[in-house]
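Got chain A sorted already, so can you dock chain B onto it with the hints?
Protein chains: 2
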Amino acid sequence: MPAYAPVDGSRLAGALAEIPAVRDRLGGDVVGWRIREVGDGNLNLVFIVEGRASGVVVKQALPYVRLVGESWPLPLERSWFEYSALVEQARHAPGLTPAVFHFDRGQAMIVMEYLSPHVIMRKGLIRGVEYPRFAAAIAEFLAATLFKTSVLAGTAAEHKARVELFAPNVALCKITEDLIFTDPYREALLNRWTSPYLDAQKRAFERDSALKIAAQQRKYQFMTSAQALIHGDLHTGSIMLTREDMRVIDPEFAFVGPIGFDVGAVIGNLFLAFFAQEGHEPEPGARDAYRIWILAQVADVWSGFHDRFLELWRAAPQGDAYPVSLFASDEDRAALEKERARFMRALFEDTLGFAGAKMIRRILGLAHVEDLEAIADPERRARCEAKALRLARELMVGARGFSGPADVISAARTIGRA
Amino acid sequence: MPAYAPVDGSRLAGALAEIPAVRDRLGGDVVGWRIREVGDGNLNLVFIVEGRASGVVVKQALPYVRLVGESWPLPLERSWFEYSALVEQARHAPGLTPAVFHFDRGQAMIVMEYLSPHVIMRKGLIRGVEYPRFAAAIAEFLAATLFKTSVLAGTAAEHKARVELFAPNVALCKITEDLIFTDPYREALLNRWTSPYLDAQKRAFERDSALKIAAQQRKYQFMTSAQALIHGDLHTGSIMLTREDMRVIDPEFAFVGPIGFDVGAVIGNLFLAFFAQEGHEPEPGARDAYRIWILAQVADVWSGFHDRFLELWRAAPQGDAYPVSLFASDEDRAALEKERARFMRALFEDTLGFAGAKMIRRILGLAHVEDLEAIADPERRARCEAKALRLARELMVGARGFSGPADVISAARTIGRA
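Taken in order, these protein sequences are the chains called A and B.
Following my numbering, the numbering of the first sequence begins with 1 at its first residue and continues without gaps.
Following my numbering, the numbering of the second sequence begins with 1 at its first residue and continues without gaps.
Hints are not guaranteed to be accurate.
[Unchecked claim] Quick list of in silico lysine-lysine cross-link-like pairs, DSSO-like style, CA-CA up to 30 Å:
1) A/K202 with A/K174
2) B/K174 with A/K338
3) A/K338 with B/K202
4) B/K338 with A/K174
5) A/K202 with A/K123
6) A/K202 with B/K202
7) B/K174 with B/K123
8) A/K123 with A/K174
[Stated by the list, open to error] Stretch-level coverage of chain B by chain A, calculated; a stretch enters the list once three of its residues show a Cβ under 8 Å from a Cβ in chain A:
9) 52–61
10) 180–190
11) 331–337
[Stated by the list, open to error] Some chain A residues close to chain B (C-beta under 8 Å, calculated; not the full set):
12) V151
13) K160
14) T182
15) E278
Hints listed in this document are in silico derivations from the structure and should not be mistaken for laboratory results.
Beta carbons: idealized from backbone N, C-alpha and C, even for Gly.
Isolated chain A (complex conformation) (with noise of 0.2 Å):
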């Protein structure tokens, strides 16, 4: 096997001709296939590969990030739990991810289907861009992908044997508990923040006991809680849509974790957009149907996602916590229908908390989102990014006080009209 070698785009394609399926995939003559380099994401190469009858893409694992430097060192074995998340999301939310042609362990590399005319969801978002089937389709891409890779739906060996595999996905987890859960709420090098505008803001965070005991009950929940095979960067950079189709990309933080982190990655992200708006309209008021409508998009994903995962529950024959067998009286049967609400609500409460925490890191953290950082007058995005901050508090420290996600959209919109 040869040995790890970044790939050059030069040689692309005769490598790619020798792989049967992609050849066949792509079409034509190897001499006409078109190649560019396109990875604007923060670790990896992607090479966008035309042929005569499709494209594919080639995303390979960088050995550090890409974002940092090579000072960053980061494992390649990253791809093969994106490549192994991608195979089990796509048995159970058929249609929602994209095909997988081919996996070179060695190299890194996963070829997979080229989404075209598909956009990355949040630059849809900074448009103003309306996604009919968006939310319907994301809640049952979180409904199927965290009910079936639980153990309310399989057996604890099924789940053991995916804890084991994804168990060394150490690295990415790791990022995660740093980036997400520690560093903004503490000085960090990496660390930045629109100065001066949000200089106070992220002092007080550094000082606000109850919200950093919030986020460190997060970021526990997150190092322990083995619910289900979470995708674990869901934001919407990891969305790509039209308007009749939607896929779900770049699973590589995958492990089994809490399923709100998934859940409030989507939330979160959304609401991050909602407040960006006032960044992006031409004048005041001019994004208010579209501020409407990345609102409705929150209520409808968890709606979704909660009315889904329920339904895949009450039919699921065979998940070995709750069996059916043991709820056989009306008696029983009531007690376990409130036992599911109560476990929903817990999933909400969890999907707040990790929303409000994706939504920090964003605006006081290393990494940062284009919706806010598309908007070039430093003053104007701090005044989004702080009103971002409030809710992102709120959910965090005060999850428990909201009846239901119309009580977060009003908090929301409370806090967008300041």
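Just chain B, lined up with the frame of chain A:
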């Protein structure tokens, strides 16, 4: 490597003589070594080998459950998990486990210290023997092994390595999942109870929706909460002691699970011993002083564990969760201390819930305990068992209602007098 074969007692001396560490430990001439099979547990072959200098125990896994027979296969690899747990526990709680002299993974065989004149604690509890050092020693074992294998003490990388190492211990966890959390609450072939006296109680538990929900909540927690490397079977048959010394043996059920499961196992088995006294005393009240001693142990085990766990936490400089560096101000430290109290309160409730589950399975499930089985008169035994079941149900359904150990002990005393 020779294929696995059950130890042939007549050839054991020759085999041990070839292991220098064991030969030296036993001392003298091989022909003088005395060997006897003493396995009275449910799963394994156990030999005691005594030489001129001292003795060793040879424990070998059998490929099936000894209690049931060859129809119930069980992986030999549990010996590897037991060995791995013994090594890790010895690091964190030195002197509180048997020393290991030799491990043969292929033969699923551990050669370890022969503890003499130690007795199995359960037998001492039946005879009414007080062990003045027990509570402090088991509290230290629990606090040290459970704290130091958690992310409160160490890094996420260390924790994930432990999770990965023990995740394949599927079969033994499955025994717990089925026999503790599920079967006692339904009709299952292997259940047994003191019939006909407990028939009504058994049927009532099968119809008790609230209790079954509580049992499944604990099962879900057992399957998904990766807090620390737990012993997994820490009843009073896994504790050997004298008046001066205490050791914890037999951690073959070890895996990364909920902390309260181990603490609850100890406390639940103390309560079983408490309720069994009525079956062992020659006349009513003869064991009153011993009852008081047992209940004092419950209080001392919890408070000893609680205080030592917190002491270790306050002194831990490098745990990845709740990093000290984040909590530097007076206000921070007060908030962290409050959070620690919340964490310990959650462990207390977990402890009660798991204690209740462990008690019920010993009365209505497959594997019973000598404390109760040794009561020859079934009506008298059932009287003890019914009281134990009453407390156990309260612990499982009403864990939140108990303000502290004194409250639980008072409930036990009230039920005991009834």
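- Query: Of the hints stated earlier, which fail here?
  - Reply: 6, 9 and 15
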